[in-house]
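My request is simple: use the sequences and hints to build the entire structure.
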Amino acid sequence: MAHALDMIDQHTLEQLVQANSVRGANVIAQAGGWGVVIQYGMTERVLAVRRGHIRIWPKLDTLVAFLRRLGIARFQVDATSYDAAAKPARARVDAAERMRHAHEAAAYDRWMREQVQASLDDPRPGIPHEQVQQEMAVKKAALRKRLARAGGKV
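Taking the numbering used here, the leading residue of the sequence shown gets 1354, the next gets one more, and so forth.
If you're looking for bench data, these hints aren't it; they were derived computationally from the structure. Glycine included, every Cβ here is placed at the ideal spot set by N, Cα and C. Fair warning: there could be bad hints in the mix.
The calculated label-pair distances, taken between Cβ atoms and stated as ranges, are [as the list claims (entries may be wrong)]: (1) GLU1467 - MET1395: 21 to 31 Å; (2) ARG1403 - HIS1454: 52 to 62 Å; (3) SER1472 - ALA1384: 51 to 61 Å; (4) ALA1372 - GLN1429: 17 to 27 Å.
As structure tokens, this is what we get:
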């Protein structure tokens, strides 16, 4: 796939499909996967990711499913440069890890918000800080006595 072609992002492609402006697509084999060139009007553009790199699918099936979801069911496939043994130019192993952390953070945020809301919604009256400190001081003193009797150090 020629890098000299201009690039198009997925959002723009979706808008072109909705406007019935896409006249064709060429799926082209790349090192380690498949790329796609979109044809609209008198223009051809390579589908890219946000960072300006050509978007590569490791599996043709995944690319076909992507195009069908967009509404592009007919396209040409050029497997001239296909090499099943070739590895993708950049591995995306870290993406799965980032997504896992993002989901964990979102779940924790959701849990924390629920806890705060439950506390705010609790109809019981609040306990003054001084009272809590006094109660904890009594509990600490009792624990220290038990530890002293058991021969432990405080």
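The hints, checked one at a time:
1. Against the hinted window of 21 to 31 Å, the Cβ-Cβ separation of GLU1467 and MET1395 comes to about 55 Å, which falls outside the hint.
2. Restraint check, ARG1403 to HIS1454: a C-beta distance of roughly 19 Å breaks the suggested window 52 to 62 Å.
3. Between SER1472 and ALA1384, the C-beta spacing of about 55 Å keeps the proposed range 51 to 61 Å intact.
4. Between ALA1372 and GLN1429, the C-beta spacing of about 22 Å keeps the proposed range 17 to 27 Å intact.
The structure does not agree with the numbered hints 1, 2 stated previously, though it agrees with the rest.
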